[in-house]
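Student: Start counting the sequence shown at 110; every next residue gets the next number (the working numbering).
Calculated directly from the structure, the hints in this document are not laboratory data.
Everything numeric in this text was worked out from a predicted model, so none of it was measured.
Where a beta carbon is used, it is the ideal one built from N, C-alpha and C, also for glycine.
Be aware that a few hints might be false.
Under the rule of at most 25 angstroms between Cα atoms (straight-line distance), these lysine-lysine pairs were calculated in the BS3-like manner [as the list claims (entries may be wrong)]:
#, residue 1, residue 2
1, Lys-201, Lys-230
2, Lys-322, Lys-201
3, Lys-230, Lys-159
4, Lys-230, Lys-322
5, Lys-322, Lys-151
6, Lys-159, Lys-322
7, Lys-117, Lys-350
8, Lys-159, Lys-247
9, Lys-224, Lys-201
10, Lys-117, Lys-159
11, Lys-322, Lys-350
12, Lys-322, Lys-224
Estimated spans, in silico, between C-beta atoms of each pair [what the hints assert, rightly or not]:
#, residue 1, residue 2, range
13, Asp-221, Ala-334, 41 to 47 angstroms
14, Asn-209, Lys-159, 25 to 31 angstroms
15, Pro-206, Ala-245, 35 to 41 angstroms
16, Ser-281, Lys-159, 21 to 27 angstroms
17, Val-314, Ile-114, 29 to 35 angstroms
18, Glu-264, Glu-113, 39 to 45 angstroms
19, Ile-114, Phe-240, 46 to 52 angstroms
20, Val-360, Ser-282, 26 to 32 angstroms
21, Arg-249, Asn-130, 29 to 35 angstroms
22, Arg-293, Glu-363, 31 to 37 angstroms
23, Asn-261, Gln-121, 45 to 51 angstroms
24, Leu-185, Ser-253, 23 to 29 angstroms
25, Leu-320, Glu-235, 20 to 26 angstroms
26, Ser-282, Val-207, 22 to 28 angstroms
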Amino acid sequence: VGIEIPNKVRAQVRLRDLISNPDFQNSASNLTFVLGRDVSGKPLYTDLAKMPHLLVAGSTGTGKTIFLNSLILSLLYQNGPGILRFIFIDPKRVEFPVYNGIPHLLTPVIFDAQKTVNALKWLISEMERRFDVLSAEKARDVASYNEIVLGNNGEVMPYIILIIDELADLMSSRGREVEAGIVRLAQMSRAVGIHLVVATQRPSVEVITGLIKANITSRVTFQVASQVDSRTVLDMAGAEKLLGLGDMLFVSAEI
110 VGIEIPNKVR
120 AQVRLRDLIS
130 NPDFQNSASN
140 LTFVLGRDVS
150 GKPLYTDLAK
160 MPHLLVAGST
170 GTGKTIFLNS
180 LILSLLYQNG
190 PGILRFIFID
200 PKRVEFPVYN
210 GIPHLLTPVI
220 FDAQKTVNAL
230 KWLISEMERR
240 FDVLSAEKAR
250 DVASYNEIVL
260 GNNGEVMPYI
270 ILIIDELADL
280 MSSRGREVEA
290 GIVRLAQMSR
300 AVGIHLVVAT
310 QRPSVEVITG
320 LIKANITSRV
330 TFQVASQVDS
340 RTVLDMAGAE
350 KLLGLGDMLF
360 VSAEI
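Given these sequences and hints, build the entire structure.
Tutor: This is how it looks when you write it as structure tokens:
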């Protein structure tokens with residue numbers, strides 16, 4: 110039996126230390142990113158390609174957006190724009206504009222719901238186009254396709270990461286279309302290198318619907334307001350008892 114007791118002095122987890130760790134530097138996957146440290150202080154990394162999508166929840170000020178920035182910086186550190194492209198959706202308009210100048214963006218940061226719906230429709234058509242390309246090359250997924258084209262001095266197919274910083278705002282205005290787009294991509298896009306990271310600070314059943322939960326099985330939860338919110342995200346209690354300021358629970362099919 111083990112009992113966890115909070116430290117008297119809160120330790121800072123620095124992204125620089127985790128990125129410089131050999132376990133991260135020598136990772137075989139292009140989509141490995143920093144999770145943080147476990148209860149014993151051991152660095153934790155995971156592979157977005159294996160998840161293959163991620164749901165992030167947490168009340169205001171608990172570390173959700175800092176986690177998203179750490180994920181983004183981890184991926185930028187390893188990949189040039191020829192390997193990795195991003196689509197950022199930020200209804201709050203304050204978190205992602207700092208990335209507007211990077212060459213990895215497929216489009217400037219998106220703020221409004223209609224452009225979000227358009228981006229989801231474009232991703233679905235891009236997903237279908239990529240399936241046709243993979244089928245023509247007899248490749249099972251984007252990694253095997255890239256091996257084939259690199260052997261023939263061809264152009265690789267970049268991974269695409271869609272990151273939504275506040276799902277609740279989109280669900281309140283264009284809920285049906287946003288949900289349909291997310292679910293369609295989550296069901297099929299893994300093989301063609303398109304991955305979703307969806308975050309919200311209001312983890313209610315109206316925002317994180319049953320269909321979204323069923324198709325995004327990897328979840329990071331920071332401190333939430335109630336046991337009900339914890340069960341909505343994780344299907345278990347516990348996140349309401351977290352300490353805040355980056356303290357989180359991680360659930361994935363890998364573990």
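Student: Hint by hint, where does the structure go against what was stated? Just the numbers, ascending.
Tutor: 5, 10, 13, 16, 18, 22
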